[in-house]
Structures are given as structure tokens and as C-alpha cells.
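Engineer: Full structure from sequences and hints, please.
Residue numbers (my numbering), protein chains in the order written: chain A, 1 to 233; chain B, 1 to 227.
None of these hints come from the bench; they were simulated from the model.
Source: prediction; values computed, not measured.
One should not assume that every hint holds.
Claimed, not checked - In silico contact screen, one side only, chain B against chain A (beta carbon under 7 Å); selected entries:
1. Val-70
2. Leu-84
3. Tyr-85
4. His-87
5. Tyr-91
6. Asn-154
7. Met-203
Claimed, not checked - Listing some non-contacts, in silico: residues in chain A with all C-beta distances to chain B over 10 Å:
8. Thr-136
9. Leu-142
10. Thr-196
11. Lys-198
What the hints assert, rightly or not - One-sided and incomplete, this derived list gives chain A residues near chain B with beta-carbon spacing under 7 Å:
12. Glu-21
13. Val-130
14. Arg-135
Think of the CB as a built atom: it goes at the ideal place given N, C-alpha and C, for glycine as much as any other residue.
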Amino acid sequence: MQSLTAATLDAFHLLLSGDAELWEIIGISFRVSGTAILVSAPPAMLAGFFLAYFDFPLRRALISLFNTLLAFPAVVVGLVVYLMLSSQGPLGDWKLLFTQTAMVIAQSILCIPILVSMGHAAFQAADQRVWETARTLGKAPLPAFLVVVDEVKFGLLAALFAGFGRIIAEVGASMMVGGNILHYTRNIPTAIALETSKGNFAQGIALGMVLLVLAFFLNATLQYFQGKGRLGP
Amino acid sequence: MNADRQIAYSMISKSWNRRLILESVDVTAAPGYFTVLCGENGSGKTTLLKILTGLVRPDRGTVVRYGRTVTWGQARGGLLRDTLYLHQTPYMFSGSVYRNLILSTPRKADSASHRKRVEEVLEWAQLAHYRNDPARTLSGGQQQRVALARASLNGSAFLFLDEPTANMDTRSVERTLGLLRELKDMGTAIMVCTHNPGIFENMSDRTLLLDRGRIHESPEAGEEITA
Numbered sequence: 001m002q003s004l005t006a007a008t009l010d011a012f013h014l015l016l017s018g019d020a021e022l023w024e025i026i027g028i029s030f031r032v033s034g035t036a037i038l039v040s041a042p043p044a045m046l047a048g049f050f051l052a053y054f055d056f057p058l059r060r061a062l063i064s065l066f067n068t069l070l071a072f073p074a075v076v077v078g079l080v081v082y083l084m085l086s087s088q089g090p091l092g093d094w095k096l097l098f099t100q101t102a103m104v105i106a107q108s109i110l111c112i113p114i115l116v117s118m119g120h121a122a123f124q125a126a127d128q129r130v131w132e133t134a135r136t137l138g139k140a141p142l143p144a145f146l147v148v149v150d151e152v153k154f155g156l157l158a159a160l161f162a163g164f165g166r167i168i169a170e171v172g173a174s175m176m177v178g179g180n181i182l183h184y185t186r187n188i189p190t191a192i193a194l195e196t197s198k199g200n201f202a203q204g205i206a207l208g209m210v211l212l213v214l215a216f217f218l219n220a221t222l223q224y225f226q227g228k229g230r231l232g233p
Numbered sequence: 001m002n003a004d005r006q007i008a009y010s011m012i013s014k015s016w017n018r019r020l021i022l023e024s025v026d027v028t029a030a031p032g033y034f035t036v037l038c039g040e041n042g043s044g045k046t047t048l049l050k051i052l053t054g055l056v057r058p059d060r061g062t063v064v065r066y067g068r069t070v071t072w073g074q075a076r077g078g079l080l081r082d083t084l085y086l087h088q089t090p091y092m093f094s095g096s097v098y099r100n101l102i103l104s105t106p107r108k109a110d111s112a113s114h115r116k117r118v119e120e121v122l123e124w125a126q127l128a129h130y131r132n133d134p135a136r137t138l139s140g141g142q143q144q145r146v147a148l149a150r151a152s153l154n155g156s157a158f159l160f161l162d163e164p165t166a167n168m169d170t171r172s173v174e175r176t177l178g179l180l181r182e183l184k185d186m187g188t189a190i191m192v193c194t195h196n197p198g199i200f201e202n203m204s205d206r207t208l209l210l211d212r213g214r215i216h217e218s219p220e221a222g223e224e225i226t227a
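Structural biologist: Here's what the structure looks like:
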């Protein structure tokens, strides 16, 4: 078994030497999670907007539902998606199980509650007058919505970063529906789990460092933009 | 009054949490006509103005435009396009005064002529000096002028203002009244809701009192309605 110091040094070596397998795993992670965010953000943000600005039956129940889904375990999402996509499941004919598409579906389901809840909070923090002013200035619903989005962009950015941070680091759902197939569905968290079980800590630490750097980058970016927002009212 | 260019609202009713706010209200907005709508706080003035501008849906009511009577729902698109509602404290978009004005054009205009028009409106509203200042740092009176400049730039023929002179010093009130008078002279239909109608008595053509959900004609001139 490697010492922690030796494993960390090996991890740096792997990262800096441009190890093809390692960077392929990182690429798959970003591609899958980035696609999941891109797919889920528009409907989730719209849902957050409607929940914040319009009164309709079951509105409060929906807000409670999305807040509850924040605590939904990733493995349960993985299980549900697995059952849906397995050959015996209702979507089995699509033959998506153990593909990157299946991982995108699972990760989208995981991040939608985060995007809706945080999006709802961001829209609710903005004044109702934003929407009314945009509408009364003659803007159609979509341009008026974009005006509101612009006014709450930092809150929405925080929601996107939180959602991305959650899904790029989750292991349960990706492992179940992706199958952890090398060169295809092996992403950072599933690779860490596998390499650790094999006693190969260097790659696990290297991938862990990538996640840490990513988390730092996302937070620093958010702080930068929020700081700029405060300086200019 | 030219009936073709006016908007006549009829039988507007609205309840909120089973409480009747407005009951069969009839009101008309006509070009160049200044109407003062007064009433106590909580009498439904703001709700009425938002219904008249298409922002809040009434329980029932009809609208007559261009000689055609349609339901409020059918008229809503036209109301949002042709009328403009100004909040008691106007919302300032993030960014400069100039950006607030640029955002106020309903559709894309030729950029050069549009910018020229923005500069003219900045001068008109006495805001040229604050052109690049963040709009949210302006005083209440200045923000009200930004809102009026947006309205002028937007070109809405019907302007509905909610307590436009509330919490303003005398000088700001005078400037706001001056801009409103110019808009009226340019043919804009203006309806102002206030609990202090005396401020507008020199320019108003008609004063309406909203009391217990119903509209009543002119209270005594200069009478202040207290909350």
C-alpha cells in the first residue's frame, strides 16, 4: 500500500504528465455533467420563475416537493433510472442503459431540484416590480423573462454552480446507470471509487484534486461576479 | 373626446381572498386627458391601475377600444402594449440611467436614431447630468423622472401612475408635475392615483374617488383624503 505522500506525488505526476486515461476520465465527467446542466437548466429556471412570480393551484405543494427532492439520495435516482432504462423497464427499447445518455438523464434528475429551489429563491429575492416593469414597458413574456433573469443573474449563477458541483461529484447514480465502463462512462467519482478499491490511490487522489480545484474555481468565479455586482448597484 | 382613441373600461370587478376590492368600476382614459383617482390607502387604487394596464386580471370586466367591446382577457395584449404603469417607487434596472432608458424601447430601433432619441429624453427629464450614474443610487424624485423618461421613450399613449409624488420634496414634486404637464400637452392620457388630489388640481380634468370598491365623481377640490 502506498503512503499518502507517495500517492500524492504520483497523483501530481499523473496530472502534469498529461496521462491520457486520466484526462479522458476528466473529459467524460465534464461532458456528461455539462450536458446535464445545459439540458436541465432552462426548464428548471422557468419552473423556479413560475413558482416565484405566479399563483396557481398546488404552487406551495410543488415548492415543498422540490425542496424535499433536494435530499433525494443519488443511488435512489440511479435505481429509478436503471429500472426505467433496463431491458424490462418501460424505456428499455431505447437501449440507453450503460451509456453517457443514461448518465445525463440521471444527473439531470439530480440537479433539477437544486436548480428549481435555488432558482426560485433567486427569483423570489427580486422584486415583483421587475417583471411588472418589463411587461408594462411592452416586452413580450420571453424578453421580459430575460430582463428578470438579467436582474437576478448572480443568484442563478450560484444555482448553476451548486447544481454542477453536485452532479460532477456524485457517484451512486453514475455508477448504476453508466456502468463505469473505461473510455466510455467512467467519470471522476466512479473512477475514484474503483481505483481506491484496487488500492491505486494515486489516480484517485489526482482525480480528487481535480474536483477540489473545480470547486475552488466555481466558488472564486461566483465571488468575483457577486463582488462586481455589489460594487455597481 | 375622440372615442376611437380612448380606452373605456366597464364593469371591472376584483376580489382578493374573498374580499371585494373593486365592484363594477367604469373608467375611461382619453388622449390629453388628465384624471386623478383618489381614495384612502387600501381602497384598491393600485389594483385598479394594474388592471387597467393589463398587469392584474380582474374577475370580470370589458374594454372598449376602436369602437369594439371585448373582454379584459381579449384586450390584455393591447393594454400591455399601449399603456404603461408606473409604480409608486419605480423599479430601476441594474446599471446606469442610460441603460434603463435603452431597455425601455419595446422593439429594436435603428441604433443611431434611437440613441439620439435617448439623449433628447435625458435632456427633457433633466437627467443628462446623471446619464452614467447607477440608477439605483438616485433620489426618489430622480428615479421618478427616470421612470417618466422611460415612459416618454416607450411612447405609450396611456400613462397610469401610482402616487407619483409620494415622499418627494417640493422641488422634485414641481419637476415631476412639469414633466406630467408636458406629456399631457403632447396628447398622453394620464391617470394618477393619489390620496392627495390637491397637488394635481391645476392640471386635472377630472377627479374620481374610489371608495369601498366603487367609483364616485369629484370630491371637493383640494380635499385631502387621509389614510
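Engineer: Taking the hints in turn, state whether each one holds.
Structural biologist: Structure-based check of all given hints:
no., hint, result
1, Val-70, "violated, 19 Å"
2, Leu-84, "holds, 5 Å"
3, Tyr-85, "holds, 4 Å"
4, His-87, "holds, 5 Å"
5, Tyr-91, "holds, 4 Å"
6, Asn-154, "holds, 6 Å"
7, Met-203, "violated, 23 Å"
8, Thr-136, "violated, 4 Å"
9, Leu-142, "holds, 13 Å"
10, Thr-196, "holds, 47 Å"
11, Lys-198, "holds, 52 Å"
12, Glu-21, "violated, 46 Å"
13, Val-130, "holds, 6 Å"
14, Arg-135, "holds, 6 Å"
Figure legend: structure checked against the earlier numbered hints; hints not met, in rising order: 1, 7, 8 and 12.
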